[in-house]
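Colleague: Below are the chains, spelled out letter by letter.
Number of protein chains: 4
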Amino acid sequence: MSEVIVVIGPGLIGQAIARRVSAGKHVVLADLHQENADTAADILSNAGFDVSTATVDISSRQSIQAVVKTATKLGNVMGLIQAAGVSPSQASPQTILTVDLYGTAVVLEEFGNIIARGGAGVVIASQSGHRLGALTAEQDAALAMTPPDELLTLPMLQPDQVTDSLHAYQLAKRGNALRVMAEAVRWSKRGARINTISPGIIITPLAKDELSGPRGEGYRRMIDLSPVGRAGTPDEVGTLGALLMGPDGAFITGSDFLIDGGVTASYFYGELAPNERRSGSGQQRQPYGKASS
Amino acid sequence: MSEVIVVIGPGLIGQAIARRVSAGKHVVLADLHQENADTAADILSNAGFDVSTATVDISSRQSIQAVVKTATKLGNVMGLIQAAGVSPSQASPQTILTVDLYGTAVVLEEFGNIIARGGAGVVIASQSGHRLGALTAEQDAALAMTPPDELLTLPMLQPDQVTDSLHAYQLAKRGNALRVMAEAVRWSKRGARINTISPGIIITPLAKDELSGPRGEGYRRMIDLSPVGRAGTPDEVGTLGALLMGPDGAFITGSDFLIDGGVTASYFYGELAPNERRSGSGQQRQPYGKASS
Amino acid sequence: MSEVIVVIGPGLIGQAIARRVSAGKHVVLADLHQENADTAADILSNAGFDVSTATVDISSRQSIQAVVKTATKLGNVMGLIQAAGVSPSQASPQTILTVDLYGTAVVLEEFGNIIARGGAGVVIASQSGHRLGALTAEQDAALAMTPPDELLTLPMLQPDQVTDSLHAYQLAKRGNALRVMAEAVRWSKRGARINTISPGIIITPLAKDELSGPRGEGYRRMIDLSPVGRAGTPDEVGTLGALLMGPDGAFITGSDFLIDGGVTASYFYGELAPNERRSGSGQQRQPYGKASS
Amino acid sequence: MSEVIVVIGPGLIGQAIARRVSAGKHVVLADLHQENADTAADILSNAGFDVSTATVDISSRQSIQAVVKTATKLGNVMGLIQAAGVSPSQASPQTILTVDLYGTAVVLEEFGNIIARGGAGVVIASQSGHRLGALTAEQDAALAMTPPDELLTLPMLQPDQVTDSLHAYQLAKRGNALRVMAEAVRWSKRGARINTISPGIIITPLAKDELSGPRGEGYRRMIDLSPVGRAGTPDEVGTLGALLMGPDGAFITGSDFLIDGGVTASYFYGELAPNERRSGSGQQRQPYGKASS
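Chains as they are written, first to last, in this note's numbering: chain A, 67 to 359; chain B, 67 to 359; chain C, 67 to 359; chain D, 67 to 359.
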């Protein structure tokens, strides 16, 4: 029977991971837009992978279940790469929570019901999830363990609590990593593992558009001032994803791996600290890099 | 000129990482006890590495500076593996804070002053650092950026605040990861990177002793109930360390990588949740794994 | 100063290796046809790499020298991926020897004159080079060490000796691996390494065309009867290339790595053995796989 | 059911590969001397591996069959690391042929009969096998495919043909790589792969003894004049072995990977060329490295 890898949201990051773990397997490329799935299918098919496509709206459990059905008919699902989501510049807070938080929770639940023994998955979250201040232990637990269909009724996620898209995005991505922890426990009953990758600025066609768009200056400053001083490549995320999904990651499950060129470190303790924090009355702290020179 | 890798605390984890990144380089093995350094030197020398030994007490800046001097005389320091520390079953809260928290901060500061362009380091922390509840943003910043020699005067670290060794250990390990964030900013000025690895239960001779000692039953239960269902090997940490220190980790700095077989996930949201939390009046939550069965 | 990776013949195999070793470096994509270089540049630029293009005809030393000049102006040349060549279905014996054998020899010589300390290269040869019977030690040495500009005057390479394109191709690819041995000695004087990869059937758009073309049936039979039972992917070659060019390959130079799904093994000792050999009077040998069933 | 990795001849090279592919599996360590197996068992057990030991004399099919029985009782045999053998300084030509050539052939045959689907193996041969001049196609085929129990009756292996231990060793190691080709075909029927690694001078306690023994000067000269300029480490072989045995090697079977620091390249075309060849009347060729300076 075939072994199947499912990529939900097969942009360049999803593709880069798939390239590393799918030789000799069947790859299901599922996207909201058939056109995106087709583009990915062309690229990966030309690069020697056996592929098929599907459309999926991860905000719909029924839609996810249809992909699960497609995938399980094709063989044993050995891998899940959940890279679908909407970005804060694209959508309302409510849409972000519905797709990125609820949708990912359902994807993990449904694939966790059928993942094969020895299988593994990764969820692509974001450095944004690391930028949010600490939540309470109760909030963490609620994001991790509330049944998906009740998630969006949590008080902390109501419109009066989440008023802008960036905040919604940060909550959703934090929620992804927490959800992965709880699902790691459940996936282990089937002998499978699941982890989160939180990438920083990774160059893709979409990211290039943003870098030359209205918010581009901010992003370029973030890259220039970051410790590594450059953006990342999808293939660098691919290498990390391959480790997590393969035998070298066999002792890793429920973890969240930040790969961001040091942007988060600098945001908290370096030149990328927001102005209000750098000049805040309470701290008066010089960013670390400055202090040392 | 030679390239030098420095291993502070060269037990099996430090050795496993060193094995993967030190071929053709000179390895300095520095331990509190000359005997331990010699044992590691024998093993690595027999395995083809060019080694020398040193003694170091990382609770002393002067002692660390002596190792730095030894290392820089031998060549360009391309790598630092900081694996030294005391465990909660070995020492008092004050000793743990002095060695694991303060000592690591000084190690990072002193090696950050001389690390070579293109160099990289890893600090071995612990899953214990992930088990502590959230600190405030101010506490995080204090642990990350307070000058090392003022660290132990922080109010949060005083004996009335830190009364048991396990708490001290969790704080120290949390502090290591925070410190690494701040140092990632500073190391980047020299074109170098630094990350944290937080291992779970990794089998070493010391760990084997603990597994058969008075607290062994607790550890064995932790392993049995964990998602992966086994302890890790030093070589699994070595593989992760090699990724972080090598070119595949070039976009990763200031991050903390948890490799624990899912114990932390299960501690928060699975069968390893402490009883008080599982039966707590406020939550009445079934661990996730149970809920799904 | 920038670090530069040069890809000569940036088809999917060259790209796959480049993706794995070029993050944060500048990639020079040089092809006979500007259009091919541009296509590769689009793909890699969209995937986060800093690229420039050049045209090169590797049958011309002057043309190669121009690429060397372009590359060295951009920075230190840390990597060479020589993947240019013509295939036996595309060209005459003389063209194949001129491009694949002579051209590769000049590429290795010219880049070997400027490769940076710590640099590395790979030459993409072919399983075809492993299919040719043994040459004499003198022929091996001649292919390895004859100054490039005298190579094509060797008696063994004259038109009366090499009458078909496949034979020319096998000789050229055998010659590549031999040349790499000699150049490994010379590159080592600059602290650099060079190896050969001999891929089997790797799916690329060109390979897909051949699989559906007039010789397609033969190729498909080769794949079906091969030990691994499938074609390879460019990314699988990329992973091997990354090992050879990176620190994990530091003890490897002058070697030739066959990655062919077992086709060569089966050609000599299995179901893919040519009929004349299988029914040969001298041996009457059953292929190994059959014998065991 | 458990997954089992079998290491025959668990010296440092065998251990280094085992460390990389055996986490969570059971490792059978089989050596001619129980004491060697016990030493390896101590080391690997202390490093977190689940191990058992066996004695085996690979010159005896019965003895190999006993190990196979032990291993298959423990679980599915997913991996074979055949690193046992005698060296030319240790034994007579006949012993070398019996152990290194015949013994390895039987090991491959017996484990090839029971290797699990998805399994893989590596045989540790030697750079010495690359040093021998070309054999005829008939000799190659005879070494590859003659039933093991008839191997030692081949005319080419009779005492009048093989008069010194080094020649016997080179023949045996060449024979290993050829045998692996034929076995790759047979192993593929069970969905498994098998490859050869041909290491150069790798530092182990035994190698260190030789470097300081009567032939030490020759070895040290070989290292000093080699392209890489140093000996290799077992862990470098371990990394290559892990690639070949794991998913990244899925398209590689029946191949022979030379990892020798360039010694072979230099032996044929560099400073390590034997004097008789360098001053030979027929060639009068300067080694390549000299020629270029």
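Worth flagging that the hints you see were computed from the coordinates, not collected in a lab. Here the structure is a predicted model, which is why all the values come from computation and not from measurement. Any given hint might turn out to be false.
Identical copies go unnamed one by one, so any copy, or any two together, can satisfy a pair.
[To be verified] When the alpha-carbon atoms are kept at most 25 Å apart in a straight line, the in silico BS3-like pairs for lysine-lysine are as follows:
(1) K274 x K135
(2) K274 x K91
(3) K139 x K91
(4) K91 x K135
(5) K255 x K135
(6) K255 x K91
Colleague: Which of the numbered hints above does this structure break?
Modeller: Number 1 - this is the single hint that the structure violates.
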